[in-house]
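J.: Given next are the chains, with one letter for each unit.
Protein chains: 4
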Amino acid sequence: CALENETQVFTTAKTVAASGAKFFRGGAFKPRTSPYSFQGLGVEGLKLLAEARAETGLPVITEVMDTRDLDIIEKYVDALQIGARNMQNFSLLKEVGRSKLPVMLKRGMSATIKDLLMSAEYILSEGNFNVLLCERGIRTFETYTRNTLDLNAVPVLKAETHLPVVVDPTHGIGLREHVASMALAAVAAGADAIMTEVHNSPELAKSDGEQALLPHEYQDLVTRVRKVAEAVGRTL
Amino acid sequence: CALENETQVFTTAKTVAASGAKFFRGGAFKPRTSPYSFQGLGVEGLKLLAEARAETGLPVITEVMDTRDLDIIEKYVDALQIGARNMQNFSLLKEVGRSKLPVMLKRGMSATIKDLLMSAEYILSEGNFNVLLCERGIRTFETYTRNTLDLNAVPVLKAETHLPVVVDPTHGIGLREHVASMALAAVAAGADAIMTEVHNSPELAKSDGEQALLPHEYQDLVTRVRKVAEAVGRTL
Amino acid sequence: CALENETQVFTTAKTVAASGAKFFRGGAFKPRTSPYSFQGLGVEGLKLLAEARAETGLPVITEVMDTRDLDIIEKYVDALQIGARNMQNFSLLKEVGRSKLPVMLKRGMSATIKDLLMSAEYILSEGNFNVLLCERGIRTFETYTRNTLDLNAVPVLKAETHLPVVVDPTHGIGLREHVASMALAAVAAGADAIMTEVHNSPELAKSDGEQALLPHEYQDLVTRVRKVAEAVGRTL
Amino acid sequence: CALENETQVFTTAKTVAASGAKFFRGGAFKPRTSPYSFQGLGVEGLKLLAEARAETGLPVITEVMDTRDLDIIEKYVDALQIGARNMQNFSLLKEVGRSKLPVMLKRGMSATIKDLLMSAEYILSEGNFNVLLCERGIRTFETYTRNTLDLNAVPVLKAETHLPVVVDPTHGIGLREHVASMALAAVAAGADAIMTEVHNSPELAKSDGEQALLPHEYQDLVTRVRKVAEAVGRTL
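Protein chains in written order, with our numbering: chain A, 15 to 250; chain B, 15 to 250; chain C, 15 to 250; chain D, 15 to 250.
Check each hint, because a few of them may be wrong.
Claimed, not checked - The calculated label-pair distances, taken between Cβ atoms and stated as ranges, are:
| id | chain 1 | residue 1 | chain 2 | residue 2 | range |
| --- | --- | --- | --- | --- | --- |
| 1 | C | T25 | B | R248 | 58 to 68 Å |
| 2 | A | S139 | D | K61 | 19 to 29 Å |
| 3 | B | E191 | C | N19 | 56 to 66 Å |
These aren't lab readings, by the way, just hints derived from the structure by calculation.
Keep in mind that this is a model prediction, so the values were computed, not measured.
All C-beta atoms in this analysis are idealised placements derived from N, C-alpha and C, irrespective of residue type, glycine included.
Throw the hints in and build the complete structure from the sequences for me.
T.: If you want it as structure tokens, here you go:
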């Protein structure tokens with residue numbers, strides 16, 4: 015989720031690289047509900063990300079929250095993320111639509127599938143066709159889980175568009191012990207990629223520690239995901 | 015979904031039996047939003063169900079909607095269903111709690127996971143421990159799908175209780191072309207059983223035709239479900 | 015909400031009668047999420063209700079939960095209530111549709127306005143035209159309030175049907191200190207009647223004590239409701 | 015809603031000024047779900063707004079969507095609006111927190127009351143204490159109305175904070191014929207101000223025509239709002 019310090023970044027990056035991850039995500043600028051929560055390391059975080067890439071060879075992705083930050087962010091990363099809270103920040107969508115980098119667009123907490131597709135259209139219409147759609151949980155009346163990961167969106171999005179569909183079970187269900195089940199379900203439903211949070215010491219995490227996988231849980235999950243992918247006739 | 019006539023019942027029962035189904039569900043008494051919709055065949059339907067069982071050897075299950083119907087229904091079927099709309103019909107829950115037959119309890123459209131467990135408790139507390147919990151979609155703001163099948167409930171229910179968890183992707187997503195994806199996802203998430211609607215001529219169905227699988231789609235799904243079950247180390 | 019004992023019933027009935035109430039509601043059979051919560055006094059409660067009517071002259075209303083209870087309930091009360099959890103208990107709707115008594119039908123927690131109208135249709139289609147519709151809060155993602163009282167339903171129902179519209183702000187918002195504001199808003203929105211819970215010692219209540227008004231708060235509310243009713247050109 | 019052309023702006027501004035409005039809102043930059051919908055007049059719209067103020071004496075407010083637009087917008091208007099889709103655009107919140115102008119913060123479609131208060135905190139924590147909170151409807155399962163105007167938020171916000179509470183019934187219910195009922199209800203619930211859309215020819219409107227009040231409906235509403243305000247002991 016958030017980049018916190020050099021040790022955390024490098025340990026985690028090496029773990030996920032060794033387990034077969036294809037991308038490394040780290041938040042430099044963090045959108046937090048409260049202004050008094052940890053807000054991210056900023057440019058310092060971007061530099062850590064770039065070093066992690068140099069060390070592991072894994073391409074890196076980070077969230078953009080402000081049109082004015084885009085120039086600096088583009089210098090350090092391989093892909094951009096638009097977070098759920100900014101899914102209908104249309105100025106930002108247009109701006110990343112003019113970038114050369116791939117954009118992962120996360121579904122807003124109360125965005126319909128159609129809203130998500132229309133927001134993707136803002137990016138596409140500016141000429142950036144490299145857009146990935148990410149299901150990460152919607153808001154419902156259920157309070158047991160943090161959000162309701164809406165896997166129904168996976169087959170629907172696959173049918174409605176050619177864009178790749180990523181699923182983020184970590185934010186979706188928000189409970190570490192159930193992240194793996196939802197990741198496997200996402201793959202069975204047809205997702206093209208899974209994005210999960212991993213933390214070497216989640217109990218010390220500055221945000222969302224209770225939902226991040228431990229490194230060994232992540233390795234185990236990668237193995238299981240591959241089996242389900244094969245069972246539904248795919249490779250991830 | 016609903017039992018309609020002899021041909022439909024027998025054709026469908028034979029198809030699902032041949033494909034490896036473990037149970038045959040048919041609605042004799044149907045809860046319909048409008049009083050002017052088809053309300054089911056009643057006792058005539060129960061008799062058809064019993065004949066289908068005799069012919070195929072498949073145990074049968076049907077929905078109970080009224081405490082006064084329980085005696086007659088118990089004579090014809092092997093298991094009882096409590097529908098989503100009656101999940102908090104506490105008189106009915108207590109009554110089936112005094113039955114010897116297994117009860118499949120469907121989650122209400124706006125019932126939390128905790129509400130579902132408390133409703134199960136009504137049945138258990140009367141002495142009937144043979145209860146199956148069924149996730150069948152909740153109501154959210156999303157309108158593309160009929161309901162939002164909440165697969166998050168599967169690992170949560172498996173962790174919170176020892177009761178078997180069934181998933182009904184047909185009502186959950188409500189779109190025939192996506193039922194299979196959601197069934198596979200349900201199995202990967204840990205469901206113990208899948209319940210789907212099958213109709214030999216869905217375009218003629220008196221209710222919910224647009225979401226029922228065709229017989230050949232059902233056979234294909236059974237094969238795929240088995241592969242995913244194996245991939246997650248289970249048999250169904 | 016629930017009838018608890020003689021003192022509570024008579025004190026409350028006299029208070030609300032003196033303040034200008036038109037009806038006295040008391041639950042004899044209580045639908046409770048958990049089977050281990052207080053379930054109501056049953057027939058004993060019905061007798062208390064009838065005595066309260068004799069003493070105060072106020073007509074009384076109580077909830078029916080089971081088709082088998084209707085005969086006995088009809089002997090003691092002036093009107094029937096169908097609770098939110100039974101709004102789509104179609105057997106029960108048909109049965110009260112054959113009664114001579116007025117029926118107050120409460121909107122289900124996740125029932126659309128159209129669902130509510132269709133459920134009313136079940137009662138009307140059996141010949142009982144004396145149906146009142148009651149908005150009592152729906153389930154949304156908001157957790158600050160117990161439910162989300164949906165006052166939008168008031169003008170919509172008034173436009174869609176000739177049936178009287180009642181609002182229950184007590185269950186709707188679920189917080190005593192805000193019940194009055196929502197009651198006034200309901201009247202301004204066009205509601206024909208307001209139903210609130212009153213308890214002489216809410217801290218001792220066996221259910222929902224935290225949301226019941228104290229007798230003096232109720233008296234004060236009646237005065238304020240009348241002023242708002244006048245301001246929108248109505249009498250209640 | 016959106017500023018469209020000179021005639022529309024001046025006619026509407028004069029009408030609402032004559033009816034006793036305290037503020038005139040017009041969208042120069044418009045957040046639209048689709049990139050192919052009308053996006054607003056931009057700076058041209060700001061100039062029209064400023065002219066409308068000169069002509070009528072009414073202070074004007076407009077929406078800010080991008081941190082980079084703030085400087086130019088501040089030159090033309092008296093107050094800033096943060097729209098529902100940007101309620102958690104934290105960069106934008108911080109930026110308007112450094113402005114000298116009042117900020118009206120609209121509740122996001124799936125924002126809890128607590129989320130709204132935390133977003134206000136982003137503005138307050140930068141030193142701008144002149145924040146108004148606006149309830150404008152949340153997303154629920156109900157489809158009859160455009161959104162579910164959540165009037166429960168009014169008494170809750172009044173109790174939780176000293177900030178003024180504005181209600182926008184136009185977007186909230188989204189149906190012209192019911193806007194007035196919800197406006198009256200909002201005042202009865204304790205709202206400090208009502209914001210409605212008015213259009214002299216709604217059938218020609220470039221956005222949201224079906225929900226804008228006609229000028230004569232607006233005048234009538236102002237009179238009725240005053241009566242309800244008096245009935246609850248307030249002036250607006």
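J.: Which of the stated hints cannot be reconciled with the structure, identified by number in ascending sequence?
T.: Failing hints: none at all.
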